[in-house]
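Trainee: So the protein lines, in turn, are chains V and S.
Taken in order, the first sequence gives residues 1 to 164; the numbers are from this note's numbering.
Taken in order, the second sequence gives residues 1 to 240; the numbers are from this note's numbering.
Bear in mind the hints are in silico, worked out from the structure with no lab data behind them.
Misleading hints may appear alongside valid ones.
[As the list claims (entries may be wrong)] Computed beta-carbon distance windows for the label pairs:
hint : chain 1 : residue 1 : chain 2 : residue 2 : range
1    : S       : L87       : V       : R92       : 32 to 40 Å
2    : S       : R172      : V       : Q147      : 43 to 51 Å
3    : S       : L91       : V       : P105      : 34 to 42 Å
[What the hints assert, rightly or not] Lysine to any residue pairs mimicking SDA-like chemistry, simulated, CA-CA at most 20 Å apart:
hint : chain 1 : residue 1 : chain 2 : residue 2
4    : S       : K83       : V       : K60
5    : S       : K131      : V       : R86
6    : V       : K60       : V       : V34
Just so we're clear, the structure is a prediction, and the values are computed from it rather than from any experiment.
C-beta atoms are modelled at their ideal positions from N, C-alpha and C, and glycine is treated no differently.
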Amino acid sequence: MSFLDLDEFLIELAQKVEIVFSPVVDVKEYPRDVDVCLIEGAICNEDHVEMVHKIRKYTKTVVSFGDCAVTGNVTAIRNQLGLGNRENVLQRAYVEAAQLNPCVPEDKGIVPPLLERVMPVHEMVYVDYYLPGCPPPAARIKSFVTQLLEGKELHLAGAEIKFG
Amino acid sequence: MAAKTLTINGKQISAEEGATILQAAEEAGVKIPTLCHLDGVYDVGACRLCLVEVTGVPKLLPACTTKVSEGMEIKTDSEQLQKYRRLTLELLFAERNHVCAVCVANGHCELQTLAYSQGMDHVRYDYCFPKWGVDNTHRLFGMDHNRCILCTRCVRVCWHIEGAGTKNVAGRGSKAKIITDLNMPWGESGSCTNCGKCVQSCPTGALFYKGSTVAEMERDRSRLEFIVTAREKKLWVASD
Ligand code: SF4
Ligand code: SF4
Ligand code: FES
Numbered sequence: 001m002s003f004l005d006l007d008e009f010l011i012e013l014a015q016k017v018e019i020v021f022s023p024v025v026d027v028k029e030y031p032r033d034v035d036v037c038l039i040e041g042a043i044c045n046e047d048h049v050e051m052v053h054k055i056r057k058y059t060k061t062v063v064s065f066g067d068c069a070v071t072g073n074v075t076a077i078r079n080q081l082g083l084g085n086r087e088n089v090l091q092r093a094y095v096e097a098a099q100l101n102p103c104v105p106e107d108k109g110i111v112p113p114l115l116e117r118v119m120p121v122h123e124m125v126y127v128d129y130y131l132p133g134c135p136p137p138a139a140r141i142k143s144f145v146t147q148l149l150e151g152k153e154l155h156l157a158g159a160e161i162k163f164g
Numbered sequence: 001m002a003a004k005t006l007t008i009n010g011k012q013i014s015a016e017e018g019a020t021i022l023q024a025a026e027e028a029g030v031k032i033p034t035l036c037h038l039d040g041v042y043d044v045g046a047c048r049l050c051l052v053e054v055t056g057v058p059k060l061l062p063a064c065t066t067k068v069s070e071g072m073e074i075k076t077d078s079e080q081l082q083k084y085r086r087l088t089l090e091l092l093f094a095e096r097n098h099v100c101a102v103c104v105a106n107g108h109c110e111l112q113t114l115a116y117s118q119g120m121d122h123v124r125y126d127y128c129f130p131k132w133g134v135d136n137t138h139r140l141f142g143m144d145h146n147r148c149i150l151c152t153r154c155v156r157v158c159w160h161i162e163g164a165g166t167k168n169v170a171g172r173g174s175k176a177k178i179i180t181d182l183n184m185p186w187g188e189s190g191s192c193t194n195c196g197k198c199v200q201s202c203p204t205g206a207l208f209y210k211g212s213t214v215a216e217m218e219r220d221r222s223r224l225e226f227i228v229t230a231r232e233k234k235l236w237v238a239s240d
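Bound-form chain S, shown alone (with noise of 0.2 Å):
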């Protein structure tokens, strides 16, 4: 395949065509934070965080999702870029109800890890505290939409990894919300095969397995690894 040159940061580097720009900085050592995006899974640049500068584009986009093009010059870390990226997650905090202190996902958590290392030591907007509910009725798994950002990694997972298409979103805006099946108890739905791929994909403590308590959800991502890999390369490994 033909190789594209381009800059990021400044330094020129090579990507192969059809590339995303997250890609291309990955093959380049430069990191770029992101949230929605999973390894395994297509990209649907829901969570913005991964927005870059590029050079005669007026608006910014997201890496994820945009192809590297000959001679594009990325920027990933502008004072603009760490603006809004602080100012992406105040607002994922303010719009459910994220306590910290009393998640199971607490240490282990992939939004809270982003909020401090982008430096967000408090929220500047007023907390909607909207009255959500967890869905516990599944013999193994449990949903607390109190803690979910709508990323759809569970429901790209669901689809595409495991093929049972249990999990969707439904409703608009602040309404939005993931579901199983026609909108069911998770305990409820015919589709669902149990098999977990959904809570081990969940950056947050949305999903989570039954019986954990605060701070005991650790997820080991590799195991969606060794199944893509098998998928797509047809080697059984796990990459360590």
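Same shape as in the complex, but just chain V (with noise of 0.2 Å):
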């Protein structure tokens, strides 16, 4: 969402790259050949994971971006539960915090199985950059695009990398 503060750099993106894939965009499938792909968020699922590994497979320069996708951040903090985490959080969402129907959806295709522990992308695949931030910021962002459209040895240093 941070992506939007960029305000009217973003016109001027829309002029230099062809979005090919987003959760803005409808498209289903990941489509081969992709420059660059920017990862926000922690792997937490079994969705996740086929879905990275395609990622790293169909993408030239794959990107974690923001705190979620670089540490885990928040999302990951179920991790200090232990293994087993995963059927607590599961009946605290669905069954102690739920006011009507209490109980874990277990129809398939509605909550993806969750991994056992929440990990950071470059955990499970190779990734060239890291863009830190709880949301990294509008202007390290463009810092960020800019360089990397310019087709440079990517460089963010002191606040840049900020985590938080």
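Build the complex from these two chains, which are given one at a time in their own frames, with help from the hints.
Mentor: Spelled out as structure tokens, the structure:
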């Protein structure tokens, strides 16, 4: 969402890139021969595992975008509950906190099976670049994307890589 | 006192006998990253962030606990040192649960600042995700073990500036933890004087004032300095 804070730079950007896949692009299958993919979020379920491998296979430059992708962040707090945390979080979300029909959805294709442990992206596939921040501020994204478009060796330093 | 001459990063300097490499470097305007060092209390060399190379010595030496000697040739910023510093920081992050985005110290944390200034854009080790708790039993302060890096600054200020001796380290290795008195809830400690010096000394979000939320925990280190100056120099002045 902080991508939207790029304001008018988005118009400039739109002229230089073609967006082939995103939550807001109506394409269901991840395409082949993608130049750059910005991955948001950690790997927490079986769908993510499948997706991230596909992304790596079909993409030249993979970027971990934001603290959740880079560290697991808040989404990985469930790991502190140890093994068995899967059942606990589902129980908490769908039973204890439910006001209507408390039950864990079990039908296939509704809630993808959770992994034992939430992982940062680079624990599963090779990541070319990291852009930390929760969320990464617009100025940081701009500097990053600009360097990426110029095709230079990327360099973010100092407070540009601050977590949180 | 006799002066020693030595070089830091090729630059010739002189330092007082008995001074540490860290003090000599500071005098000479060379910045060495530190984490467990705190002006006013003795050094213990716990964090290893201040490691330097000394010609002729096969291992790296902590600048905060190593005294200068005549003719020493010191390097503070070689590629090897930068590599080890980043590695040390990554291990600190992997060992406990640091979630900067929701941490009281976000934006005012020495660990976080060091991490980005040393170029740490991700952690290459698997995070341990240990289960640690928060001690919220004290009336004024809280202790979040998830954020503690065991630098022992709080222990040293508690014993040697306040003289209360409430804070201690118990356990070994990754099980080591900061305790109050004989490992009892902080709020039940009979020796804690509620002075808050430990909270002022902590470099991370581990010790905080109750009621501070994300990014609100700022510290005023000059309060500690004031007491140390008063005691050592008998001068009741604030630095500025
Ligand atoms: S203590 Fe510092 S490094 Fe750890 S989570 Fe808090 S802000 Fe981040
Ligand atoms: S509580 Fe803070 S000052 Fe004490 S050892 Fe942990 S990080 Fe250091
Ligand atoms: S500052 Fe020297 S070892 Fe921590």
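Trainee: Is 32 to 40 Å right for how far apart the beta carbons of L87 (chain S) and R92 (chain V) are?
Mentor: holds (37 Å)
Trainee: Does the Cβ-Cβ separation between R172 (chain S) and Q147 (chain V) fall within 43 to 51 Å?
Mentor: Given a distance of about 46 Å, which is inside 43 to 51 Å, the answer is holds.
Trainee: Starting from K60 (chain V), check that the Cα of V34 (chain V) is at most 20 Å away, please.
Mentor: holds (6 Å)
Trainee: Hey, K131 (chain S) versus R86 (chain V), does the alpha-carbon distance stay inside 20 Å?
Mentor: holds (16 Å)
Trainee: Please test the hint of 34 to 42 Å on the beta carbon pair from L91 (chain S) and P105 (chain V).
Mentor: Check passed, 40 Å falls within 34 to 42 Å.
Trainee: Is it true that the CA of K83 (chain S) sits at most 20 Å from the CA of K60 (chain V)?
Mentor: violated (27 Å)
Checked against the numbered hints given earlier, the structure breaks only hint 4 and satisfies all the rest.
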